[in-house]
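If you read the sequences in order, they're chains A and B. The first sequence begins at 1 in the working numbering and counts up by one. The second sequence begins at 1001 in the working numbering and counts up by one.
No false leads were slipped in.
Interface residues of chain B toward chain A, partial, derived using beta-carbon atoms under 7 Å:
1) Arg-1196
2) Asn-1209
3) Ala-1213
4) Val-1274
Source of the hints: derived by calculation from the structure; they are not laboratory data. We put the beta carbon where it would ideally sit given N, CA and C, even for glycine.
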Amino acid sequence: MQRDRPTTDGAVFEARHISKAFAGVQALVDVSLTLRSGAVHALMGENGAGKSTLMRVLGGLLRADSGEILLGGRPILLRSPQDASRHGIAMIHQELLPVPDMTVAENILLGREPASRLVGWIDRRAMQREARRLLDLLEADLPLQWKMRRLSVAQMQTVEIAKTLGQDARVLIMDEPTAAISQREVDALFRVIATLRDRGVAIVYITHKMDEVFRIADTITVLRDGSHVGTCPAGEIDRQALIALMVGRSVDDAAVRPRACRGKVVLTVRGLSRAGAFQDVDFELRRGEVLGITGLMGAGRTELLSAVFGLVPADAGEICVAGQPVRIRRPADAMRHGIGMVTEDRQGFGLIHTMPVKHNMTLAALGGYCRGPFIRHAQETAAAEAGIAALGIKTAGARQAVGELSGGNQQKVVLARSLLADPSIVLLDEPTRGIDIGAKAEVHALIARLAEEGKAVVLVSSELPEALALSDRLLVMRQGTVAAELDPSHTTQEEVLRYAMPR
Amino acid sequence: MPCPVEPDTPRRLVFPAAARRLLQRFGIVIALVVVGAVLAAATPKFLTATNLVNVARQVSINGILAVGVTFVLLTGGVDLSLGSVVALAGVVAASFAHPDEYPIVFAVLMGIATGTACGATNGLVVTRGGVAPFIVTLGMMTAARGLALVVSGGKPVSNMSPDLTQLAGDILGLPIPVLILAAVSVASWLFLANTRLGRHIYAVGGNENAARAAGIDVRRIKLFAYTVCGALTGLAGVVLAARITTGQPNAGVAYELDAIAAVVIGGTSLSGGVGGIGGTLLGVLLMGVINNGLDLLNVSSYYQQIVKGVIIVGAVWLDRRQRRQ
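Just chain A, same shape as in the assembly (with noise of 0.2 Å):
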């Protein structure tokens, strides 16, 4: 990698040596990336390698802790997205942030409507033009007038393609746009980088799919963990090559579990489907059995947990909890058939912060600290007690505002809430996300107590060597279906990736 050397022709813009931490945890260690005009950089790596972080530095959304930025050998501050704009940087975002109410042409020049200078007064027909000569840029025909609200997700992935268009950028950051898009869309796209490209732009083009990849980019940067670990022009590297520098790690880093023998099926899942989310997923889940789902983001493993338990239920499909089809329109269903949940989203489906930590934690059990019903406080209080103990929580005592507990103790007592209501299915969705490597160990021994005790435990998690080291089985998915079934003892990591990768 490139270490202080000077600009070198045709580098328009250049990051060095940045890092960033979020409450302790590195995101970025020194990463560097030299942008050239006139060529496409791919950013590659997997879920949590650091790519939308490294993207929003450079997109001026969030500062980093170290390093600079070089723009045609100068240093600029980016302190703002006005900032990057002001130099010619410009993004097109992971999320989408239409205005749902305002109409097609307006979202594609929100902020940069051409009006009349004396008192703003829009301009509606050149605005109507502008926005019709950005479309036709993208060969998209959409009707102008639409609501964005209207609209479906890939035509408003669309419009904000068509919106970073009009800002006649030297430097386009591109993160994962074609994530929603239709064939057609992405090949429009293509023409379109390859003629910006051909003016001069330098494109950083963030995916996980390899055709892609090999399609358009000319050079390719690979990271993990938060750090770079190599650069290379595309047409040096192959498939495999790069999956192996993408995964790169050891699969040691969590325990393997030892197996236990599996008992009988507790809950069979059978052409489950929501629209736009899964498709068709079967599954068997057995006593005793830790059964691992995995996929890249997006890949609908939190959707088809989120439909077992009733939050958002399926489409269409048939659930059966020992052999008996059961109807799940919501999570009090889905407990009365024994089947437990920790979301995945702790703040916002987990936690209740203005309560203390004791009713945080029997809140789904409640009724069996009552008597008709009141609740027998004693009895509640033993019950928290025994589940901060159980779990080892560390709290100031039972009563203590759930709030200032840190990440991993907050995560515990969810996963207590879930298990003192004594389910027999247990679906744990990415348990050790955003929690320190401490909680983590002991996170991953409970899940594997839960299945000695006979519990069938259903665990989604992005973390490769965290899935295959707990798991009797693998699940892959990719793009709302299940693409593997896999044992874990007998695959790899570039395995898995091969099937998660979409086609």
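Given chain A, put chain B in place with the hints provided.
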């Protein structure tokens, strides 16, 4: 970022939190004592048994309404229809309270049933229709007022049986409305603190999504809260009608604002999940004592309104500032 609690330093971390909670809980008690002391010093008329009983009588209707709306505010909702429903329930009760037609209990029950029906309607439209509580109860505020005028023909319903007016009288020297407020408060306090349904009300207000994920039927809980609020509003309407010895279709205008102000001064969060009956009663008392004091000091009612407005905003501002620390 809340600091993680390490096992070796629990004490240092707990004390400030506990102290803050104490101040939060008793800040309003301190305010009440200070205001009381100032008034006692300013006028000898304040600290007499007659005056204090009088204060209690004056706050009893606002108190019943405030206790009811506490349920709704705890779920994160709001009810703006209280004043109109008070009038409607009063008119209905008065129409059934003519001598010798029905037993007087029937009139009381009809008043309460009217309020309950209004509250349940609010709850159903909020939970089934998905319309914002502000809008639903604003609609009910207008509609219930209209219904009160229709039922009464636009005129006060008088000729009320003295049996009903006795509801505003005394037992053993204590005003019956005050006894009713006491009973309602104790029952509501026990309910919220000790029952499963009460706990679920706090959970729904604290984080609706998490409550649902914990298997709680959020819609049922909200419907329940609006219905209880409606029932207590009906009761308040009956008590008011008894006190003014008529069913007044124009009674109760803006009562909801006094009730909500008292609840919020008492520390219940408008976003739900935090607060309770104890705070609500203290808020009601604080507002009542200030009103009474300003009356005793012969402050014009114009200025009283200004003072009340400043106190409402000031109390909540102080409360939020404390909480942010």
